[in-house]
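Residue numbers (the working numbering), protein chains in the order written: chain A, 1 to 658; chain B, 1 to 156.
Keep in mind that the hints were calculated from the coordinates and are not lab data.
Backbone N, C-alpha and C define an ideal beta-carbon position, used for all residues, glycine too.
Facing chain A, from chain B, some residues (calculated, C-beta under 7 Å):
hint	residue
1	A37
2	G41
3	Q46
4	M54
5	V56
6	E63
7	E69
8	A70
9	H89
10	Y90
11	G93
12	S126
With a straight-line Cα cutoff of 20 Å, these simulated SDA-like cross-link-like pairs (lysine to any residue) come out:
hint	chain 1	residue 1	chain 2	residue 2
13	A	K110	B	E133
14	A	K653	B	W20
15	A	K653	B	E21
Next come the chains, spelled out residue by residue.
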Amino acid sequence: MADEIKIGVYVCHCGVNIAGVINTTEVMEFAKTLPHVALAKEYKFMCSDNGQDLIKQDIKDGLINRVVVAACSPRMHEPTFRRTVSSVGMNQFLFAQANIREHASWVNMKDPEGATRIAKDHLRMQVAKVAQLEPLETQVVQVTPASLIIGGGIAGMNAALDLADQGFDVYLVEKEPTIGGHMAQLDKTFPTMDCSACILTPKMVDVNQHPKIHLMAYSEVEDVEGYVGNFTVTVRKKSKYVDSEKCTSCGECIENCPVTAPNEFDLGLAKRKAVYIPFPQAVPGVPTIDMDSCIKCGICADKSVCEPEAIDYEMKDELVEIEVGTIIVATGYDPYDPTEMKEYAFEKYDNVITGMQMERLLSSYGPTLGKPVRPSDGTAPHTLAWLQCVGSRNFRPGMHNYCSRVCCMYAMKQARQYKEKHPDAKIYIFYMDIRAFGKGYEEFYEIASREYGITFVRGRLAEVYESPDDKSIIIRGEDTLMQTPIELKVDMLVLSVGVEARPDSDKIAQLLTIQKSDDGFFLEAHPKLRPVDTLTAGIYVAGVAQGPKDIPDAVAQAKGAASGAAILMAKGEVEIEPYYSVVDAAKCSGCKACQSQCPFGAIGFDEQANIATINIAKCKGCGTCAATCPCQAISQNHFKEPQMVAIINGVLKDGGLY
Amino acid sequence: MAKTDEKTEGNYKPKPLEKWEPFILGIFCNWCTYAGADQAGTSRMQRPANLRVMRVMCSGRVEPQWVMEALKQGADGVLISGCHIGDCHYVEGNFKTARRMPLLIKMLEQLGIHKDRVKFQFVSASEGAELTEIVDEFVADLKKIGPGPFNKKFKK
Ligand SMILES: Cc1cc2nc3c(=O)[nH]c(=O)nc-3n(C[C@H](O)[C@H](O)[C@H](O)COP(=O)(O)OP(=O)(O)OC[C@H]3O[C@@H](n4cnc5c(N)ncnc54)[C@H](O)[C@@H]3O)c2cc1C
Ligand code: FES
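So that you can see chain A by itself, here it is in the shape it has in the complex (with noise of 0.2 Å):
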C-alpha cells in the first residue's frame, strides 16, 4: 500500500558523546517497538557521508517513507536531514529530530538510566509527531540586493567597503556625526604601532566616495520590518541644522561660535562649540550643531560667516525607508565607566584617568597634541601605574565577568609609547595576568619588560587616595608574587578600563529580534560553526557588538558578515519554512478573534466570506493566531493540534516513565 506510513529510525551515538551515556541498543530496540515503525538502526555518527548513506539507501529501497533520527538538537543538524532525505525524493517535512545529546546525554552524563530514559520518551515523541506530519513545500522569496550596516566602526566601515565592492546597494547608518567609531580615538594601534589614523581615514573616505554606499550618518535605525531578504527599514535622520547639500565645510561657523561644551570625542578633556565636528578628519566633513548647548545667538547663520546659508535652526529630523535584504550589526561598544568602583576614585581625584583619555593625551589630534600631562597642572608625568582588569574579570555583582581581550596590550601600547617620549619615566602595571594571545602580542609583551623597563607588578589594587600637597596619588596593593604589601607614590593612575555592550543593545536585539548573551553582547548562532551569524535569518553581527576584540579580530569577522550577507544577496533567492497558518473556512465563525493576536498584520479579513484570511508573505510562522482560535479554525503548518497533541499523547502513553 502507497499510503502506508513506515517510519524509519537512526539512533546516533555522536562517538562518546551519546553513547558514552545513553545505551543506544535499548533504544534502538525501543523504536521497534512504536507503532508505525519500519525499521531501527544505530550509528556512530548519523551526519557523517556514511550515516546519511544509511537512510538515502532505505528510503531508496521503498522500506521507508518517513524518518526519526534522534541525535543532537534539530537546531544544529535538522537542515542536513532534510537536505538527505528530499536528495533522494521524499518530501523533507515528513523528518524529525529527536535531541538525545544536548537534552539527554548532556545533561545526565551520570545518570545513564534517567538519559536513556529520556532518549526514549524524545524518541517516541518525534515518531508520534512524524506519523502525523503532512508533507510542506517550502517558499522561495527574493533576496533584495541591499545591505543595512548598523555602525560605522572599522568593523562596519569594512563590511560595507566588501558588499559594496561586490556590486550590492549598501546603507550604513552611523548614530554619532562621523564614521570611525572608536579607532578614531585611538593614537598608535598594537602591535604593529602603525598610527590609527593613517589607516583608518583613508578607510572612512572610500566609505564616503564609495557610489554603492549610500552613508548615513547621525542616523538611528528607528523600525524594521518583514523578513530574510526583504526587510523594510525606517531610518531617522537627526537634524544636524546645517544642510549638507549647501554647507562647503570651510569651518567659519566654527570659528565664530561663542559658546563650548565639552567634547565627548576627547572624553571631556577638552572643548569644543556648540557647532562641531568630531575632529579634523571627520567623515562626513559637515558640522553638527548641539542644540543642548546652542544658544541660538545667530552668528553662524549670518551671511558674513555662513555664505552659502547652509545653517538652518528649524531643520527638522527626517525619516527615511529603505529596502534591504540583508542587515549587519555592528554597533561596538562602550569603554567601561569606573565611576562606579568607588575604591579607585577614577571622579574624585584629578590624575586618575581611564585607558580611553590616555589613548586622546597620547594622540597628535588630540588635547594636549600627543603630549600627555596631568590634567591638575598640567605637567608631564614622571611616574605612572596602569592598572589592568578594571570593570573586567570581576565576580561582584554588576561588574563584567568577561576578560575584555584589549586591555593588557593597550596598556604595554601606551606604557612603550610614553616611555619613547620620557625615556627617564618610571612605569608600572598592576596586573592579574597578562593576555598577550595574539599574533606577534607575546613579543610585544617580552619588548615592553625587557627593552622598555616597564614594571610589571602582579596584584591589584586595594586603595588609592590623593596626596594633599601635589595631588599625586598613593596607591597600594599587594605584590602577590613577592608577597609583599606595596605603597607607591605616582603622578597620574591610568585605569585600564575594559568594553561593554552599549545601553541601546537592547533596544537594538528588540527591533531585529535578535539575541544577547549573558555579559550583554548580541549573540551568535553558534559559538563556532556561525559566529557572525544571528539566529534571526539574513542579520549577521560583526566587531566588539558580539563580544570584546580588537581591530584585526573585528576586521575579520567584518568579512565574514559581509560574506554572509553576499551569499544570500548573490543567491537572489532563499528558501523559508512553510510553517505559516491556514484558515480552515469551514470552521472559521468570523469572530475576528485572530486579528488582534498578529503582530505582523499578516490576517486580514473576508467580509463577504464572513471568514478570517491569511497573507502567508507576512505570516512570520509563530502560530499565536493559532492558540487563539476558539474554533480551532486555524492551524499552523508543521504545528498542527493533532501533530501537538499526538507528541504529548506519544510521550505519556502508558503513563510516561518507563
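Could you slot chain B with the ligands onto chain A? The hints should help.
What follows is chain B with the ligands alone, placed relative to chain A:
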C-alpha cells in the same frame, strides 16, 4: 558506551520504573528557551532526568488544551517557557502566553489541580544555567506535591 555483549536482541522489554519520579513536559519556544536548553547541554550543566522537551516556534503557539491534555494523560508537571518580554522572535507571542497562563492555572485550581503543577517562565537563549535552576526547583516542588492527579502508575 553500550558494550556488544550487553546488546538486547530481538524484542525490547521495558524495565519499569520502581519509584515515582516527577514527569515534566517542557514546551519551549525555538528561539530562546529551546536554544537555552541546548546551551545548557553544550555547557554540560547537569540536571535531574525529569524533563521531556517539546518544541514550538513561539511560546505564543502553546494552547491551554495541551497543558490540560498532558495533565490528563498523567504528566506531573508542565513547564512552558519562552523568550523574555521584548525578546520574542515574533515580537509579542510570549506576551500573549504570559497573559493566558495565569488564567489557565486559576482554572486548573478550580478543577482541583495544584497551581504549582504548571509553570510559565522566561528563559533566554543564553540562560542555560537559569533553566537548570528552574528544573531543579520544579522537580523539588513536585516531589513535595506528589504524583499528578491523573498519573496512572503512581498514585498519591
Ligand atoms: C583604550 C583602548 C585602546 C585600544 N587600542 C587598540 C589597539 O591598539 N589595537 C587594536 O587592535 N584594538 C584596540 N582597541 C580595541 C578597538 O577599539 C576595537 O577592537 C575596535 O574599535 C572595534 O571596532 P567596532 O567597529 O567593532 O566598534 P566601534 O569602534 O565601537 O564602532 C561602532 C560604531 O557604531 C556606532 N553605533 C553604535 N550604536 C549605534 C546605533 N544604535 N546606530 C547606529 N550606529 C551605532 C558607533 O557610533 C560607532 O561608530 C582598543 C580599545 C580601547 C578601549
Ligand atoms: S519566539 Fe520565544 S516566545 Fe516567541
